[in-house]
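**Q** Residues in the sequence shown are numbered from 588 upward in steps of one, following my numbering.
Do not take every clue at face value.
The calculated DSSO-like cross-link candidates involving lysine-lysine, where the alpha carbons are at most 27 Å apart (straight line), are [as the list claims (entries may be wrong)]:
id, residue 1, residue 2
1, LYS788, LYS773
2, LYS677, LYS731
3, LYS773, LYS749
4, LYS784, LYS829
5, LYS731, LYS704
6, LYS784, LYS797
7, LYS704, LYS677
8, LYS696, LYS731
9, LYS704, LYS802
10, LYS773, LYS797
11, LYS788, LYS749
Keep in mind that the hints were calculated from the coordinates and are not lab data.
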Amino acid sequence: MKKLFITCALALLAGLSSLLAQTRLIAHRGFWDREGSAQNSIASLVASHEVQAYGSELDVIITADGIPIVHHDDEVQGMRIEDVSYEQIKDIQLKNGEVIPTFESYLQKFVTLPDMKLIVEVKPHKRVVNEDRAVNAVVALIEKYQLENRVDYISFSMNICKELVDRVPYAPVAYLNGEVSPADLKRLGMDMDYHYKVFEKNPTWIQEAKALGVKVNVWTVNDPALMQSLIEQGVDFITTDKPLEFNKLKTE
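Make the full structure from the sequences, and use the hints.
**A** Right, here's the structure in full:
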């Protein structure tokens with residue numbers, strides 16, 4: 588009986604290890620929560636690579652003169668980014684002293700960091716025409732640097748997601764907003780990237796998505812106990828501000 592118990596325990600541990608290996612780490616706005624870094628900074632991109640993240644997530648908005656920049660909020664210092672030129676905002680500094688990076692400068696650093704993906708969130712814009720301009724500019728730069736196989740796309744805008752599915756059918760595109768079922772995402776050719784509270788309200792969606800072959804990413808998960816629960820449910824990705832906490836689970 589004791590031998591049977593040990594065998595079962597080892598099998599359980601092996602199963603959990605397999606699930607952990609399956610679930611991959613995405614650093615939310617890069618690994619910014621450490622000295623010398625900042626959200627959406629180039630330093631946070633480099634730090635994501637140092638902690639062996641599957642991917643480093645970033646946010647992209649386009650300026651009025653067509654320059655995609657890396658920034659989360661649609662405004663900076665009271666200026667709506669899509670309504671101003673790059674020249675008007677190019678010298679604004681992040682908390683670590685870097686200036687707000689262009690998407691191209693991000694890619695120029697990214698090409699030097701092997702074995703990691705870039706998770707590009709194209710932000711919703713006030714005007715749909717600017718969403719289309721942002722998609723075109725982002726895809727053109729990724730193609731310029733021949734990074735088509737190293738980029739996943741995400742957005743809260745269904746318009747942007749549909750544009751990306753059409754423009755880059757070879758790349759994963761995931762929807763963020765949380766109201767579309769796994770079956771409907773499958774029909775749209777999209778994956779699922781929802782806040783963890785969405786899955787608390789819809790507890791069957793993770794398994795439904797897995798059965799349909801729809802990838803599941805969960806954000807923004809900073810509680811190690813919740814990370815463990817999601818790993819045990821077999822989610823594909825966890826997006827977190829706390830990549831070191833995720834990595835601790837891999838070594839325990």
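**Q** Compare the structure with each hint and give your call.
**A** Now for the hints, and whether the structure bears them out:
1. LYS788 <-> LYS773: 20 Å, holds
2. LYS677 <-> LYS731: Holds, at about 22 Å.
3. LYS773 <-> LYS749: Answer holds: LYS773 to LYS749 is near 13 Å, not above 27 Å.
4. LYS784 <-> LYS829: It holds: about 18 Å lies between the C-alpha atoms, which stays within 27 Å.
5. LYS731 <-> LYS704: At roughly 16 Å apart (the allowed maximum being 27 Å), LYS704 and LYS731 satisfy the hint.
6. LYS784 <-> LYS797: 18 Å, holds
7. LYS704 <-> LYS677: 26 Å, holds
8. LYS696 <-> LYS731: 14 Å, holds
9. LYS704 <-> LYS802: Roughly 15 Å separates the two Cα atoms, so the pair holds.
10. LYS773 <-> LYS797: Given pair LYS773, LYS797 holds - Cα atoms ~11 Å apart, limit 27 Å.
11. LYS788 <-> LYS749: Given pair LYS788, LYS749 holds - Cα atoms ~26 Å apart, limit 27 Å.
The structure is consistent with each of the numbered hints, conforming to all of them.
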